[in-house]
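**Student:** Spelled out from the first residue to the last, the chains are:
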Amino acid sequence: MPYLPTSQAFLEQSAQLLEAYPDTTRITTKYSFPTETPGARAKRAKSQAKKTASSESPSTQAAPTPSAPVAALTLKTYNPTTGIVLQYRTNKIAEVSRLITGLGKLASGADVASLGLSAPGQAAGDVEMIDAPVEESAAAAAPAQAGKSQAQGQGQGQGGKGKKKGGKGKR
Amino acid sequence: MAPHLSNDEFFSSLTDLLSKTSQKARGSVFLSQKPLIDSVSNSPPSILIRATDGNTNAPNPKASSKDGKVTKNKTSKDKVKFATVVNADDLETFYTRYADVCKSGMTGMKKRDRSKRKAKGKAGAAKATKA
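Chain order of the listed sequences is A and B.
Under this note's numbering, the letters of the first sequence match residues 2 to 172, in that order.
Under this note's numbering, the letters of the second sequence match residues 70 to 200, in that order.
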């Protein structure tokens, strides 16, 4: 079952699924800690200790409760009659409130358009062909997300290249 | 099945359940939502919200197999399970509060870490120049 790459894609496709099968589709949210064997726990504690040791001096704040595993939130939209499952998983607390608000919009019957998303070229209502839209939206969403984090890096990268070339005297 | 809680009771139970789970740093909380659709009226449906800790009250099959075997089932804990129904009109206010409760209760998740992100951004830029 696919994990969707972005929360947007998840909400979008869930909206479509709910639209298509409003009476049988349900949304589950799972907040869970990973199950760990004692060995795995020790291992993680060790690696975490190492990490904090290597990156120590600049960050004065200690690692938040080094012994605690990181919980995750998994959202799942399931339609039992068609067997369609859409999933999204995150471990960032910053996303939680946005996701829940999104679920609220879904609950009140918001359609794709009113979620404020626009995925061009996404066939609305064509929920059955779940694979195609997944890839499509993945392709569409990935640059959008990557753009945010890379915009800075790319800009600087290009600047750097230009300087290098100049330094070589290729002018 | 226990009767549905009022929305307020639901929130207090949920806060409790989330904080307990986060404190133990193990286990799960399952939340589900689905519309209660009656075919008679055409008004927007109420939403049924359920919460549970995913335990079961059913006897552990391992426990009843053999006496000689080591059983993992020490004490069968009671399953935590509660639900509420939200009217279509109250959805927005309910979900605003729901989001708040979840955000403050799910303390086991990764916090927003600005300093780390900054460092990462710098590293990314350095890589870009190299490539």
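Just so you know, the hints here were simulated from the structure itself, not pulled from any lab data.
Quick reminder that beta carbons are idealized off the backbone N, C-alpha and C, glycines included.
Watch out, some of these pointers could steer you wrong.
Cβ pair distances, simulated, as ranges [what the hints assert, rightly or not]: (1) A:41 x B:159: 42 to 52 Å; (2) A:27 x B:85: 15 to 25 Å; (3) A:38 x B:85: 26 to 36 Å; (4) A:25 x B:149: 37 to 47 Å; (5) B:85 x A:93: 16 to 26 Å; (6) B:154 x A:48: 37 to 47 Å; (7) A:27 x B:72: 16 to 26 Å; (8) B:105 x A:86: 20 to 30 Å.
**Student:** Confirm or reject each hint.
**Tutor:** Status of the hints after comparison with the structure:
{"no.": "1", "hint": "A:41 x B:159: 42 to 52 Å", "result": "43 Å, holds"}
{"no.": "2", "hint": "A:27 x B:85: 15 to 25 Å", "result": "24 Å, holds"}
{"no.": "3", "hint": "A:38 x B:85: 26 to 36 Å", "result": "29 Å, holds"}
{"no.": "4", "hint": "A:25 x B:149: 37 to 47 Å", "result": "26 Å, violated"}
{"no.": "5", "hint": "B:85 x A:93: 16 to 26 Å", "result": "24 Å, holds"}
{"no.": "6", "hint": "B:154 x A:48: 37 to 47 Å", "result": "46 Å, holds"}
{"no.": "7", "hint": "A:27 x B:72: 16 to 26 Å", "result": "21 Å, holds"}
{"no.": "8", "hint": "B:105 x A:86: 20 to 30 Å", "result": "22 Å, holds"}
Going through the hint list in order, the structure does not satisfy hint 4, though it satisfies all others.
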